[in-house]
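Construct the complete structure from the given sequences, taking the supplied hints into account.
2 protein chains.
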Amino acid sequence: MELNQRQKEIIDLVKNNQPITSQEIADNLELSRAAIRNDLSVLSLLDILDAKPRVGYFYKGERPEPGSLDSLFNIKVKEIMSLPVNLVEDTSIYDAIVTMFLEDTGTVFVIDEYDELVGVISRKDLLKMAMGNRDLNEIPVSLAMTRVPKLITAIKDETLLMAARKIVDNKVDSLPVVEDEKVIGRISKTSISNALVDYATEIGSD
Amino acid sequence: MELNQRQKEIIDLVKNNQPITSQEIADNLELSRAAIRNDLSVLSLLDILDAKPRVGYFYKGERPEPGSLDSLFNIKVKEIMSLPVNLVEDTSIYDAIVTMFLEDTGTVFVIDEYDELVGVISRKDLLKMAMGNRDLNEIPVSLAMTRVPKLITAIKDETLLMAARKIVDNKVDSLPVVEDEKVIGRISKTSISNALVDYATEIGSD
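Chains A and B, in that order, give the protein sequences. Residues in the first sequence are numbered consecutively from 1, following full-length UniProt numbering. Residues in the second sequence are numbered consecutively from 1, following full-length UniProt numbering.
A few of these clues could be false.
Same chains, same label: a pair holds when it works inside one copy or across any pair of copies.
List of simulated lysine to aspartate or glutamate pairs, EDC-like, C-alpha gap at most 20 Å [claimed, not checked]: (1) LYS150 <-> GLU89; (2) LYS124 <-> ASP198; (3) LYS128 <-> GLU138; (4) LYS124 <-> GLU103; (5) LYS171 <-> GLU103; (6) LYS128 <-> ASP104; (7) LYS128 <-> ASP95; (8) LYS60 <-> GLU202; (9) LYS78 <-> GLU89; (10) LYS166 <-> ASP104; (11) LYS166 <-> GLU202; (12) LYS171 <-> ASP198; (13) LYS182 <-> GLU89; (14) LYS124 <-> ASP95; (15) LYS124 <-> ASP104; (16) LYS171 <-> GLU113.
FYI, nobody ran anything at the bench for these hints, they're computed from the structure.
Structure below.
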């Protein structure tokens with residue numbers, strides 16, 4: 001849907017003066033509040049503006065055209081992340097491997113007693129430990145994991161493209177999605193591949 | 001670039017009657033050869049038509065608009081595949097794990113004495129074997145691999161989207177790219193993630 005000239009002016013006004021009331025917007029455009037009511041409704045419906053009662057309008061963002069490359073790149077991490085698999089620090093390597101098979105995941109996250117992220121352990125890390133001829137029941141995951149702050153993390157409001165760049169640039173298979181030091185999700189090369197295929201299916205591409 | 005009506009008619013004629021000479025195209029459109037010369041040049045320059053001397057015109061295909069979702073989906077497997085890592089059937093599990101670390105790959109392919117693909121072995125398969133408390137030097141990869149014909153494979157002229165669908169639907173990390181029973185490449189969730197990020201960089205998206 002194409003925005004009209006007045007709607008674009010309103011967006012610019014809100015961007016530069018938020019929060020701004022409908023009266024202030026009307027005054028700025030030298031129009032009545034009634035004249036812009038329809039435009040404000042459209043912009044709110046499109047999720048471009050957000051209205052808070054007795055505060056005013058905020059700018060939420062313009063959405064890229066559906067079915068475009070931008071709208072694929074701008075899918076949010078929270079829309080495609082999967083559930084994280086978390087283990088505590090004293091879990092044995094053996095149990096971590098079993099968990100990885102049971103949960104069919106390539107990466108598990110390690111958390112401390114406050115549920116905060118302390119490390120990440122990958123299939124590759126576990127394979128390395130399994131080669132060591134040691135008793136895997138005796139070694140805790142904390143000995144094999146990559147630790148905070150060396151970890152690369154994602155946040156739920158990042159875009160698919162931003163997360164994909166982190167994954168590619170750092171040559172990792174997945175990132176923990178973190179909020180308030182806690183792991184709330186997992187985004188991986190699998191999530192990215194799934195998102196691409198799902199998106200193509202949704203818009204009917206072959 | 002938008003094609004004009006006559007250019008579209010020429011494309012249809014060539015598609016349905018290839019090879020077709022410029023004289024035949026002109027006759028069909030009830031025009032002179034001179035009148036369509038310019039259109040034929042444009043279509044050849046755009047790589048939509050191919051001209052073979054003394055044979056006629058062939059249809060090569062229309063390219064999706066650069067920077068579009070379609071042009072991302074239609075990237076060919078051969079443009080993004082990586083080099084395969086191949087082992088012979090009697091390689092030990094131990095050596096396969098070492099190769100996987102040295103080559104930094106998540107999947108290795110197993111070939112026979114004619115260099116033909118016989119199986120695929122993943123990090124997950126190797127981790128399972130490593131858990132078995134057996135001497136990994138004594139077990140050949142052929143005991144742990146997924147065998148032809150159970151394997152899913154790709155071909156070099158498939159699109160990124162077709163390969164991604166196979167990877168996602170079959171829940172595998174990568175596919176061997178096969179030609180004449182031989183492995184000529186590897187396409188994986190990593191290739192797909194890399195292609196997406198590279199494509200975004202190329203067209204200047206953030």
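Check the structure against each numbered hint from earlier and tell me which ones fail, lowest number first.
2, 8, 9, 16
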